[in-house]
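Sequence order for the protein chains is B and P. Each residue of the first sequence is one higher than the last, beginning at 1 in our numbering. Each residue of the second sequence is one higher than the last, beginning at 1 in our numbering.
Hints are computed from structural coordinates only; laboratory data are not their basis. Quick reminder that beta carbons are idealized off the backbone N, C-alpha and C, glycines included. Take these hints with a grain of salt, some might be off.
As the list claims (entries may be wrong) - Take a look, some chain B residues computed to stay more than 10 Å from chain P by CB distance: (1) K2; (2) D49; (3) K54; (4) G150; (5) P158; (6) T217.
As the list claims (entries may be wrong) - Okay, derived cross-link-like pairs now, DSS-like style, lysine-lysine, Cα gap no bigger than 27 Å in a straight line: (7) P:K67 - P:K101; (8) P:K80 - P:K33; (9) P:K113 - P:K2; (10) B:K235 - B:K208; (11) B:K113 - B:K30; (12) B:K30 - B:K218; (13) B:K179 - B:K54; (14) B:K33 - B:K204; (15) P:K2 - B:K101; (16) P:K33 - P:K2; (17) P:K113 - P:K33; (18) B:K101 - P:K218; (19) P:K2 - P:K179; (20) B:K54 - P:K218; (21) P:K179 - B:K54; (22) B:K218 - P:K113; (23) B:K179 - P:K33; (24) B:K113 - B:K204; (25) B:K235 - B:K113; (26) B:K218 - P:K33; (27) B:K179 - P:K101; (28) B:K204 - B:K80.
2 protein chains.
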Amino acid sequence: MKNIIIASTSTLHGGSYLDYILPTLESHFKNCKSILFIPYARPSGISHDEYTAKVALAFASISISVKGIHEFENPEDAIKNAEGIFTGGGNTFLLVTQLYKNNIMQLLAETVKNGTPYLGTSAGSNICGLSMQTTNDMPIIYPPSFQTLGLIPFNLNPHYLDPDTQSLHMGETRETRIKEFHAFNSIPVLGLREGSWLEVKGDKITLKGSLKARLFTKNNNPEELETESDLSDLK
Amino acid sequence: MKNIIIASTSTLHGGSYLDYILPTLESHFKNCKSILFIPYARPSGISHDEYTAKVALAFASISISVKGIHEFENPEDAIKNAEGIFTGGGNTFLLVTQLYKNNIMQLLAETVKNGTPYLGTSAGSNICGLSMQTTNDMPIIYPPSFQTLGLIPFNLNPHYLDPDTQSLHMGETRETRIKEFHAFNSIPVLGLREGSWLEVKGDKITLKGSLKARLFTKNNNPEELETESDLSDLK
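The shape of chain B in the complex, shown without the other chains:
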């Protein structure tokens, strides 16, 4: 049975890494003494070791140890044997490229579908959707495909940002970009504001956190969803 947390962000303004969601993670990973961390997205280009150390520090406070997938000789075995898995944020193009390069995209999807508890934040959440095509990241590397894990039957836009009505900037808003996506794709897109997450338990998908989320579907006006909304039928 799927057991997944898909979070918009790792860090809230003024908070420290993962602190807002640690109580939830303590329960989510309650049967794990250690978890496998996938640091491939490398935010700001930090190394796999640096990134893993940062994550280990946060998880130490809930008494869970962390090992980076890059520390294993065989990444496939690392995934198969993991008690729990966390994929951190950073650049989604880089993350997806590395998952394909190491031949673990499909294995990771199967493993999580079979019940290994999973946490994603930001880029690590983006890959839970059908494709990475609604990421906000720069295409710093060319991935072999935009297809991702498909753990949920729609796409995500993490760090969803409402238009700034005071701005004089004329670049596209997030909403305009998602509208462009829907000119060519019919997959629903859920804009997850920072502080929101999806809880996936088997086939049940629930919006968590204190904020509303913004749902974009092709040819319709966007819709605001209340926290605790059931998204199990969205596709």
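Got chain B; can you put chain P on it based on the hints?
Same frame as chain B, now just chain P:
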């Protein structure tokens, strides 16, 4: 001899389409009775016809007629025979996909290098660099390559946006995203603020408009460049 204008944006806040740069375009396209428009980037998903009509309206005020490349039976002939060429903004992934699909990426590069006057705005400027890897756009479609026209020996970030120091948003700033690009690439990136453009005359590249531009090079602190800066040696 190359004769190119590479503009950050088509439209300034409070202005109308292309109005801030029309006097420059009148001189740039002074030998053109008509220009070829490439509408492939389709901002907000508008059609090729709608987009071309919008551009024709703006150019009518400087007595230049506009024909969309989609109106020609053979896009290669359209490019070869054009008096001048304008590629408009929208989604860079879509634009690049269409240029490859129609087999005109290389022909367009050669034609502009040989002297056909060219104007790019936003996505149409992004493609003037070595690659589209510093676009801000969403990957709504999977292009066969990220390589672009290479009319200048560096990359661009149009609509460059300074970090908002008041923001509580934790998603990456533009500067962080470009830093991630430089973790894997050594190509310089010029952040062009809205209202700036590059003028390319032969091998001479000059920053124009009233604003500074922000230059990012690998392993260095970003640098502010004054208007009228000579960028001919940047690579």
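*Could you check the structure against the hints above and give me the numbers of any it violates, in ascending order?*
5, 12, 13, 15, 19, 22, 23 and 26
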